[in-house]
Amino acid sequence: MAAPTDQRVTPEVIDLRPPSNTGNRVFAGLSAGAGWAIMLTLAAVALFLFVRAAPAFTSSAEEIAGVSILRGQSFWGFVIPLLFGTLLSSVIALLLAVPLSIGIALFISHYAPRRLAQTLGYIVDLLAAIPSVVFGLWGARWLMGTIDPVFQWLSDNLGFLPFFQSYVPPARNIMTASLVLAVMILPIITATIREVFLQTPRLHEEASLALGATRWEMVRQAVLPFARSGIISASMLGLGRALGETMAVLMILSPGFLMNFFLLKPGQHQTIAANIANQFPEASGLGVDVLIATGLMLFIITFLVNVAARAIIARRAEFSGAN
Amino acid sequence: MKFALNRRIAGIAVVSALAVTLSACGQDAVQTEETTGGSTDDATTSALSGAIAGSGSSAQEKAQNAWLAEFMGKNPGVTVSYDPTGSGAGREQFINGTVVFAGSDSAFKPEEVTAATERCFGSEPLELPLYVSPIAVVYNLPEVGVEHLNMTADTIAKIFDGKITTWNDPVIAAANPDATLPDSAIVPVNRSDESGTTDNFTKYLAAAAPEAWTYEPDGVWPISGTQSGAQTSGVLEVVNGAEGTIAYVDASRAGTLGTVAVGVGDEFVPFSPEAAAKVLEVSSPTADATDLRLTFDLARDTAESGTYPVVLVSYLLACSQYDNEADAANVAAYLSYIASPEGQTLAASPEVAGIAPISDALRTQVDAAIAQITAG
Chain A
7 MAAPTDQRVT
17 PEVIDLRPPS
27 NTGNRVFAGL
37 SAGAGWAIML
47 TLAAVALFLF
57 VRAAPAFTSS
67 AEEIAGVSIL
77 RGQSFWGFVI
87 PLLFGTLLSS
97 VIALLLAVPL
107 SIGIALFISH
117 YAPRRLAQTL
127 GYIVDLLAAI
137 PSVVFGLWGA
147 RWLMGTIDPV
157 FQWLSDNLGF
167 LPFFQSYVPP
177 ARNIMTASLV
187 LAVMILPIIT
197 ATIREVFLQT
207 PRLHEEASLA
217 LGATRWEMVR
227 QAVLPFARSG
237 IISASMLGLG
247 RALGETMAVL
257 MILSPGFLMN
267 FFLLKPGQHQ
277 TIAANIANQF
287 PEASGLGVDV
297 LIATGLMLFI
307 ITFLVNVAAR
317 AIIARRAEFS
327 GAN
Chain B
897 MKFALNRRIA
907 GIAVVSALAV
917 TLSACGQDAV
927 QTEETTGGST
937 DDATTSALSG
947 AIAGSGSSAQ
957 EKAQNAWLAE
967 FMGKNPGVTV
977 SYDPTGSGAG
987 REQFINGTVV
997 FAGSDSAFKP
1007 EEVTAATERC
1017 FGSEPLELPL
1027 YVSPIAVVYN
1037 LPEVGVEHLN
1047 MTADTIAKIF
1057 DGKITTWNDP
1067 VIAAANPDAT
1077 LPDSAIVPVN
1087 RSDESGTTDN
1097 FTKYLAAAAP
1107 EAWTYEPDGV
1117 WPISGTQSGA
1127 QTSGVLEVVN
1137 GAEGTIAYVD
1147 ASRAGTLGTV
1157 AVGVGDEFVP
1167 FSPEAAAKVL
1177 EVSSPTADAT
1187 DLRLTFDLAR
1197 DTAESGTYPV
1207 VLVSYLLACS
1217 QYDNEADAAN
1227 VAAYLSYIAS
1237 PEGQTLAASP
1247 EVAGIAPISD
1257 ALRTQVDAAI
1267 AQITAG
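Top to bottom, those sequences are chains A and B. First residue of the first sequence: 7, per the working numbering; consecutive thereafter. First residue of the second sequence: 897, per the working numbering; consecutive thereafter.
For the record, the hints were derived by calculation from the structure and aren't laboratory data. The reader is advised that the hints may include incorrect statements.
To be verified - In silico SDA-like cross-links for lysine to any residue, where the CA-CA straight-line distance does not exceed 20 angstroms:
#, chain 1, residue 1, chain 2, residue 2
1, B, K1005, A, E69
2, B, K1005, A, S74
3, B, K1005, A, E68
4, B, K1099, B, P1078
5, B, K1005, A, A71
6, B, K1099, B, A1199
7, B, K1005, A, L292
8, B, K1005, A, G291
9, B, K1099, B, A1195
10, B, K1099, A, G72
11, B, K970, B, A1229
12, B, K1005, B, P1181
13, B, K1099, A, R77
14, B, K1005, A, G72
15, B, K958, B, L1242
16, B, K1005, A, I70
17, B, K1059, B, A1071
18, B, K958, A, P287
19, B, K970, B, S1236
20, B, K1099, A, S74
Claimed, not checked - Using C-beta positions, here's what the derived DEER-type ranges look like:
#, chain 1, residue 1, chain 2, residue 2, range
21, B, E966, A, S37, 53 to 61 angstroms
22, A, A71, B, N992, 52 to 60 angstroms
23, A, N312, B, T1186, 56 to 64 angstroms
24, B, N992, A, V311, 38 to 46 angstroms
25, B, T994, A, A71, 22 to 30 angstroms
26, A, V156, B, D1162, 44 to 52 angstroms
Predicted model, so just to flag it, every value in this text is computed and none were measured. From the three backbone atoms N, C-alpha and C, an ideal C-beta is built for every residue, glycine too.
The following block holds chain A by itself, in its conformation from the complex (with noise of 0.2 angstroms):
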């Protein structure tokens, strides 16, 4: 029998300390960092438009007189119809994209074959690359000429309905301007909702198939009240970009400070974005700070509408794709 000898167990250095906490810390830190970071970046944001737009607030009326874009109305008779045409261009818009990105999304989640599908989601998100100037330009260019006999027969034929009336060429009105804001939003917004789709749990799908849904039936019945509060968000996303578009309504648009529902007459509406890059050049002075001002408008329009849209989801919170 052998001695036990160095088959006795040496214990190494046992450590007590818990284990290192360093990559925790240094990762925990860097998220919170980001978070801060762009809270910080929101509240500059904030803090920049409200001081900027103050002299607006502020100001005696024979100094808002002297501010010649204003043309002799009040901070308020100048803001109200640009926020009404913004709504105007954005809610047409939406009206006309989200339809045909539910069929798009629809399209590609449930009805297409996988490599059809890929390639047209592949397509849409090229949609979602191009620059809003070439947009701009593809407007003014060609959707112009293009639907200038549509616009003309629509005020020849329906004119008596106030919003096909009094159409003059070329086409450089509110309707032009939302077709193109809807082209625009298209993409997001398909993006968001296929995603949606996709998340639909497999078992309702396929339960609803078992029990002898058609598929139009299934998709009624699972797939698109999971994926409602998606949709919701969705929209909103599209419409917040629809709200801030600038380029395109700038170069499409001939712009007026009026409030009606005149959607083929020219020289009715303006966007706040629209109207902030066609009139700062020139401005200066109090005229600048006016121009903040409804820069403030809109921030604080988008705001609500995304609160809004939140509260929406929130209340389907535990049966939702969105969360």
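Given the coordinates of chain A, assemble chain B onto it according to the supplied hints.
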């Protein structure tokens, strides 16, 4: 695995070598520019050096770009820059000292004169009318059959006010017996942004057709509900986009569109640089004009034969006293170049700005004013 690693190292090496080489190239270029800039020292090159910055009227942009390129070519030691921020911003920046010269489509207002005098260390500012540009009234009627449509100021005012609505209106037909005027609607187009062109055009309408045009002249178009475009290029897009449109643009940008021959006295005068320059000759100085501030009260309602009264006169603003030698010398040299026959001819070419060169009489006055720029 080894092969992949080698390839990765090779890739990184190539990229870093490329980066170093290209950055060295960049530096070399800058260095050679600087050395040639400072070291040429023969008798024919100017001794001026320094940098002067100006800003203001966007109407002057093209002309200013051509002028400063030529000037910097002759005076390699000087850097001139011009930022087309708009006339209002230009006057503001001149008054608060951000720039040493400015371009403005309108002269200083009285309170601005006081502020500018303060900025100029107590001495008077200069206002020199060195940019006279005709404004053309263009229309898109390809089948009209005549080179220029004749219209009186009254007709033009009524068209832009929406009172005359079709091309074959009897008033237009009476002045144009040879033209084929279609029975279509006239679509007036204006600038949607605040502009010196609009300001001068409305001033012309208010002066020459006061009964037909009752709006206050302003840089912002007074009528709503019209087709409009952002800046000259936007307006031209609209005019070219549909037939039957009519608009007012800087004459150098009229291109192939038909232009109106404006009624002056008993005749109709199409635009030309000489006819536009003649307006300054028949105009008198403003009440508060001085030897240094050569501001004019344009006689836009003139009946003098051969004048084209629809012009935009843009001023160059400077100080008569600067606090350093370099600024004074450089600004004086630059303004002299602009006022010189070759400077004016350069900007008069259609590819540049199509301005109307100033007359010799006016040049004498301008040179006398520039000679008073001092440092101290």
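Hint-by-hint comparison with the structure:
1. Proposed proximity of K1005(B) and E69(A) is supported: the alpha carbons are some 16 angstroms apart, at most 20 angstroms.
2. A hinted pair counts as satisfied when its Cα atoms are at most 20 angstroms apart, and K1005(B) with S74(A) qualifies at roughly 15 angstroms.
3. Simply put, K1005(B) and E68(A) have alpha-carbon atoms about 17 angstroms apart, close enough for the 20 angstroms limit, and the pair holds.
4. A C-alpha spacing of about 30 angstroms is found between K1099(B) and P1078(B), which places the hinted pair above 20 angstroms, so the restraint is violated.
5. Taking the CA atoms of K1005(B) and A71(A), the gap is about 17 angstroms. The hint holds against a cut of 20 angstroms.
6. For the suggested pair K1099(B) and A1199(B), the alpha carbons sit about 16 angstroms apart, so the restraint of at most 20 angstroms is met.
7. At most 20 angstroms may separate the alpha-carbon atoms for a hinted pair to count; K1005(B) and L292(A) meet this at roughly 17 angstroms.
8. Of the pairs offered as hints, the one joining K1005(B) and G291(A) holds, with about 15 angstroms between alpha carbons and a cut-off of 20 angstroms not exceeded.
9. Between K1099(B) and A1195(B), the direct Cα distance comes to roughly 10 angstroms. Compliance with the 20 angstroms bound is thereby established for this hinted pair.
10. Between K1099(B) and G72(A), the direct Cα distance comes to roughly 19 angstroms. Compliance with the 20 angstroms bound is thereby established for this hinted pair.
11. At most 20 angstroms may separate the alpha-carbon atoms for a hinted pair to count; K970(B) and A1229(B) meet this at roughly 11 angstroms.
12. Taken as a hint, the K1005(B) and P1181(B) pair is honoured in the structure, with Cα atoms around 15 angstroms apart against an allowance of 20 angstroms.
13. For the given pair, K1099(B) sits about 17 angstroms from R77(A) by alpha-carbon distance, which is consistent with the 20 angstroms threshold.
14. Distance check on the hinted pair: K1005(B) and G72(A) sit about 13 angstroms apart at the alpha-carbon level, within 20 angstroms; holds.
15. Distance check on the hinted pair: K958(B) and L1242(B) sit about 11 angstroms apart at the alpha-carbon level, within 20 angstroms; holds.
16. A hinted pair counts as satisfied when its Cα atoms are at most 20 angstroms apart, and K1005(B) with I70(A) qualifies at roughly 18 angstroms.
17. With a C-alpha separation of about 17 angstroms, the suggested pairing of K1059(B) with A1071(B) holds against the 20 angstroms cut-off.
18. In summary, the hint linking K958(B) to P287(A) is supported, as the alpha carbons are separated by about 16 angstroms, within the 20 angstroms threshold.
19. The hinted pair formed by K970(B) and S1236(B) meets the criterion: a straight-line CA distance of about 14 angstroms does not exceed 20 angstroms.
20. Pair hint K1099(B) plus S74(A) holds up; C-alpha atoms about 16 angstroms apart against a cutoff of 20 angstroms.
21. Against the hinted window of 53 to 61 angstroms, the Cβ-Cβ separation of E966(B) and S37(A) comes to about 57 angstroms, which satisfies the hint.
22. At roughly 23 angstroms, the beta carbons of A71(A) and N992(B) sit outside the given window of 52 to 60 angstroms.
23. Between N312(A) and T1186(B) the C-beta distance comes to about 59 angstroms, which sits within the given range of 56 to 64 angstroms.
24. Restraint check, N992(B) to V311(A): a C-beta distance of roughly 39 angstroms satisfies the suggested window 38 to 46 angstroms.
25. In this structure, T994(B) and A71(A) meet the distance hint of 22 to 30 angstroms, their C-beta atoms being roughly 27 angstroms apart.
26. V156(A) and D1162(B) have their C-beta atoms about 48 angstroms apart, which keeps the hinted 44 to 52 angstroms range intact.
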